[in-house]
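Novice: One letter stands for each residue in the lines below.
Number of protein chains: 2
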Amino acid sequence: MAETFVIAQGGGPTAVINQTVVGATLEARKRFPGARVLGALHGVRGIRDGNFVTLSELSEEELRAIAATPSAALGSTRDKPDEAYCAQVLKGLEAVGADAFINIGGNDTSGTQAILRDAAGGRMTFMHAPKTIDNDLMESDHTPGFISAAEFVAGAFLSVDLDFRALPGVYVGIVMGRHAGFLTAAASTWAADEASGPHLTYVPERAFDRTRFIEDVKSVLARHGRCIVAMSEGVSDGSGTSLVESLVPPEMLERDAHGNVRLSGTDLGQAVERMLAEDLPGQRARVDTFGYLPRGNIATINDTDAREAFEAGAFAVASVEQGDGSVALQYNGVRTEPKLVPLEAVAAKTRHMPETFLEPDANRISAEGLGYLQRLVPRKFEVGRVFV
Amino acid sequence: MAETFVIAQGGGPTAVINQTVVGATLEARKRFPGARVLGALHGVRGIRDGNFVTLSELSEEELRAIAATPSAALGSTRDKPDEAYCAQVLKGLEAVGADAFINIGGNDTSGTQAILRDAAGGRMTFMHAPKTIDNDLMESDHTPGFISAAEFVAGAFLSVDLDFRALPGVYVGIVMGRHAGFLTAAASTWAADEASGPHLTYVPERAFDRTRFIEDVKSVLARHGRCIVAMSEGVSDGSGTSLVESLVPPEMLERDAHGNVRLSGTDLGQAVERMLAEDLPGQRARVDTFGYLPRGNIATINDTDAREAFEAGAFAVASVEQGDGSVALQYNGVRTEPKLVPLEAVAAKTRHMPETFLEPDANRISAEGLGYLQRLVPRKFEVGRVFV
Numbered sequence: 054m055a056e057t058f059v060i061a062q063g064g065g066p067t068a069v070i071n072q073t074v075v076g077a078t079l080e081a082r083k084r085f086p087g088a089r090v091l092g093a094l095h096g097v098r099g100i101r102d103g104n105f106v107t108l109s110e111l112s113e114e115e116l117r118a119i120a121a122t123p124s125a126a127l128g129s130t131r132d133k134p135d136e137a138y139c140a141q142v143l144k145g146l147e148a149v150g151a152d153a154f155i156n157i158g159g160n161d162t163s164g165t166q167a168i169l170r171d172a173a174g175g176r177m178t179f180m181h182a183p184k185t186i187d188n189d190l191m192e193s194d195h196t197p198g199f200i201s202a203a204e205f206v207a208g209a210f211l212s213v214d215l216d217f218r219a220l221p222g223v224y225v226g227i228v229m230g231r232h233a234g235f236l237t238a239a240a241s242t243w244a245a246d247e248a249s250g251p252h253l254t255y256v257p258e259r260a261f262d263r264t265r266f267i268e269d270v271k272s273v274l275a276r277h278g279r280c281i282v283a284m285s286e287g288v289s290d291g292s293g294t295s296l297v298e299s300l301v302p303p304e305m306l307e308r309d310a311h312g313n314v315r316l317s318g319t320d321l322g323q324a325v326e327r328m329l330a331e332d333l334p335g336q337r338a339r340v341d342t343f344g345y346l347p348r349g350n351i352a353t354i355n356d357t358d359a360r361e362a363f364e365a366g367a368f369a370v371a372s373v374e375q376g377d378g379s380v381a382l383q384y385n386g387v388r389t390e391p392k393l394v395p396l397e398a399v400a401a402k403t404r405h406m407p408e409t410f411l412e413p414d415a416n417r418i419s420a421e422g423l424g425y426l427q428r429l430v431p432r433k434f435e436v437g438r439v440f441v
Numbered sequence: 054m055a056e057t058f059v060i061a062q063g064g065g066p067t068a069v070i071n072q073t074v075v076g077a078t079l080e081a082r083k084r085f086p087g088a089r090v091l092g093a094l095h096g097v098r099g100i101r102d103g104n105f106v107t108l109s110e111l112s113e114e115e116l117r118a119i120a121a122t123p124s125a126a127l128g129s130t131r132d133k134p135d136e137a138y139c140a141q142v143l144k145g146l147e148a149v150g151a152d153a154f155i156n157i158g159g160n161d162t163s164g165t166q167a168i169l170r171d172a173a174g175g176r177m178t179f180m181h182a183p184k185t186i187d188n189d190l191m192e193s194d195h196t197p198g199f200i201s202a203a204e205f206v207a208g209a210f211l212s213v214d215l216d217f218r219a220l221p222g223v224y225v226g227i228v229m230g231r232h233a234g235f236l237t238a239a240a241s242t243w244a245a246d247e248a249s250g251p252h253l254t255y256v257p258e259r260a261f262d263r264t265r266f267i268e269d270v271k272s273v274l275a276r277h278g279r280c281i282v283a284m285s286e287g288v289s290d291g292s293g294t295s296l297v298e299s300l301v302p303p304e305m306l307e308r309d310a311h312g313n314v315r316l317s318g319t320d321l322g323q324a325v326e327r328m329l330a331e332d333l334p335g336q337r338a339r340v341d342t343f344g345y346l347p348r349g350n351i352a353t354i355n356d357t358d359a360r361e362a363f364e365a366g367a368f369a370v371a372s373v374e375q376g377d378g379s380v381a382l383q384y385n386g387v388r389t390e391p392k393l394v395p396l397e398a399v400a401a402k403t404r405h406m407p408e409t410f411l412e413p414d415a416n417r418i419s420a421e422g423l424g425y426l427q428r429l430v431p432r433k434f435e436v437g438r439v440f441v
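For the protein sequence lines, the chains are A and B, in the order given.
So the first sequence is residues 54 to 441, counted in our numbering.
So the second sequence is residues 54 to 441, counted in our numbering.
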């Protein structure tokens, strides 16, 4: 019996999100001969507005080329559908005769699938396939998109550390991560030894203190002659006030229409530069905001990440007969495998980096944290002898 | 007859500067059996202070590993020796019995070699081997270090453009380049077509106008729904005032001990963010400062760049019998080859990007500019079909 599948991508793109689309499409073709697979343009917005491409009509060669391309070939959306919007999405799904809707995204996306499931009354199946560079979905050991972004960050910090061995100073790399510090922690993955940077890591999970930060930097400078710092965009002072709010003069803060402070990595970067210039005058220091560079970089698409993202999409399709659910990547100590979990287990929940991934008395990634990161992103490059 | 060679690295490191050191060392070993090759730690500072490593004692395997490692394994320096400092460097060279000194760096380095040559009175040979990500040395078609940095920038902008097709908005990537726009121009190298970003490029060679910038962005947004901008850190308004000076409130500007405005990519980034927020209110916009990321990134070491850097070092050693000079990479329409040119031809001179590399009436790289960039950095990745 022919089936109609709808696939959509939501939220920030990653290097491997197209692998999930193609994994799902090829599995549908294999498991449900004659199945129609529709890709919605710009996520749920495309379903609401009736904008689709027929993925099932593409050749395998074309699909594989799309799979290997970073970012979201179907486009994405930041729309967070409320009940009214969901009703329109449901109408859109019914209009194309969808039997199953696979929505690829973060925890918000799992929540959207739950709302749709409740409104649809069993008439179709709702799957959530995981995706995020933040690695912050419950139930999963890690998430598609994270490993490639982590590989970029690991290589960048290894390289910058070498740069600062040649011309010493202080370097702060600001990495995306509003709520979870995993991607920032990835900066340490390929550090060769204790003396290699990053020497300090600051993540959202631990309250940031300016005085402590400056002491940390001074201490590292005294010991190594240079200091490499990895810092999350989402660091805050623990009171709910983000670091940029506490450091930037009120009249300089950008606010949106609701009066909420607009946080940008560049704002934080400049605030950190200012902090260093005031508290360590004369000390050579550089701050860069990685921003979007790690999240879909074509040079650092990781093979394991690509394969797992593909498998997550294929598994979503293979699981439709089991009913609604969220695909989680679970690690059993030996290998990573997709499993189906309830949508509610993932929806609206954020996994934070474990406290044990940080050393208790130092702002550094612990051995446990490094073990996790190095399992996911094994060393790829050897470094020759450096004399300074 | 055994020779003593001294090698030093100066200025900002690159992905391939160690190739030049090792190319020189292996050529010395081959051409002058028994030769002693000393690497100075942290450039001319190491010569002045008597800090060397004996590169000629390292195995070929170890040397090859060093060659493949980005950044300066011997350390580098930003010291710009005046005559007094040069006298100390000369003493240091004499103390180790140097017959030739190969100094790897930018145009300042060539100037240093000229001063030393004049002071040494023919007692030893002074070679300059080229190195810079800015691609701004006279006499050379391109410089070692540029191609790898350009590859990073090309891949990053290709990737970010795909990201912004998925979630449209305005993106500004700020790329290093105080005086020359070559590295910023490299952002366009792998753009698939007219509609692909970067859509706008702003370089030091062309005066920046805020009103024109905003008009440009609005025009691109109207046409493509998104706008990707590549901007050099060194853009200025043409009056000698850098962009950041003209945009940042005076009390917010960082000044050094001499009262000079301290320019950082982050300052410029925030100034641009502010400009966009004021002149395009409500428009989603993101600004990232690439900073040091392109200059020694281990994931984007380009093979051609590595080979040419190695050959430049080997050629420097092979040329000592001809006398003092600067190694230039010259392109004859078919291949790139090292040539020896006078130190003065390179010293204290900056090559700017030709005006013809920009379209006359648009802030975009011209066909001529693209031809140059694509010759140096051929396309490495294919991009599959994108539906948005």
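Hints are computed from structural coordinates only; laboratory data are not their basis.
Every residue, glycine too, gets a C-beta built ideally from N, C-alpha and C.
Be careful, since some hints might not be right.
Some chain A residues near chain B, calculated using beta-carbon distances under 10 Å [what the hints assert, rightly or not]:
1) W243
2) L274
3) A275
4) R276
5) H277
6) D341
7) T409
8) L423
9) E435
Simulated coverage check for chain B against chain A, where a stretch passes if three residues somewhere in it have a Cβ under 8 Å from a Cβ of chain A [as the list claims (entries may be wrong)]:
10) 90 to 103
11) 248 to 257
12) 342 to 351
13) 420 to 432
Novice: Is the shortest C-beta separation between T409 (chain A) and chain B less than 10 Å?
Specialist: Violated: closest Cβ of chain B sits about 29 Å from T409 (chain A), beyond 10 Å.
Novice: Hold the hint about L423 (chain A) up to the distance rule: shortest CB distance to chain B must be less than 10 Å.
Specialist: Hint violated; L423 (chain A) Cβ to chain B Cβ min 19 Å, cut 10 Å.
Novice: Report holds or violated for the interface hint on H277 (chain A), using the least CB-CB distance to chain B and a cut-off of 10 Å.
Specialist: violated, 13 Å
Novice: Please verify that hint: D341 (chain A), Cβ, nearest Cβ of chain B, below 10 Å or not.
Specialist: holds, 3 Å
Novice: Hint check: is the beta carbon of W243 (chain A) less than 10 Å from a beta carbon of chain B?
Specialist: holds, 9 Å
Novice: Are at least 3 residues of the region 90 to 103 of chain B within less than 8 Å of chain A when you compare beta carbons?
Specialist: holds (count 3)
Novice: Under the criterion of a CB-CB separation shorter than 10 Å, is L274 (chain A) in contact with chain B as hinted?
Specialist: violated, 16 Å
Novice: For the region 342 to 351 of chain B, does the count of residues with a C-beta closer than 8 Å to a C-beta of chain A reach 3?
Specialist: holds (count 9)
Novice: Tell me if the interface restraint on A275 (chain A) is satisfied: Cβ within less than 10 Å of some Cβ in chain B.
Specialist: violated, 19 Å
Novice: Is the interface hint for R276 (chain A) satisfied, with its Cβ closer than 10 Å to some Cβ of chain B?
Specialist: violated, 17 Å
Novice: Are 3 or more residues of the region 420 to 432 of chain B near chain A, judged by a Cβ distance of less than 8 Å?
Specialist: violated (count 0)
Novice: Against chain B, run the beta carbon of E435 (chain A) and see if the smallest gap drops under 10 Å.
Specialist: With a minimum Cβ separation of about 7 Å from chain B (threshold 10 Å), the hint on E435 (chain A) holds.
In terms of the numbered hints stated before, the structure departs from hints 2, 3, 4, 5, 7, 8, 11, 13, listed from lowest to highest.
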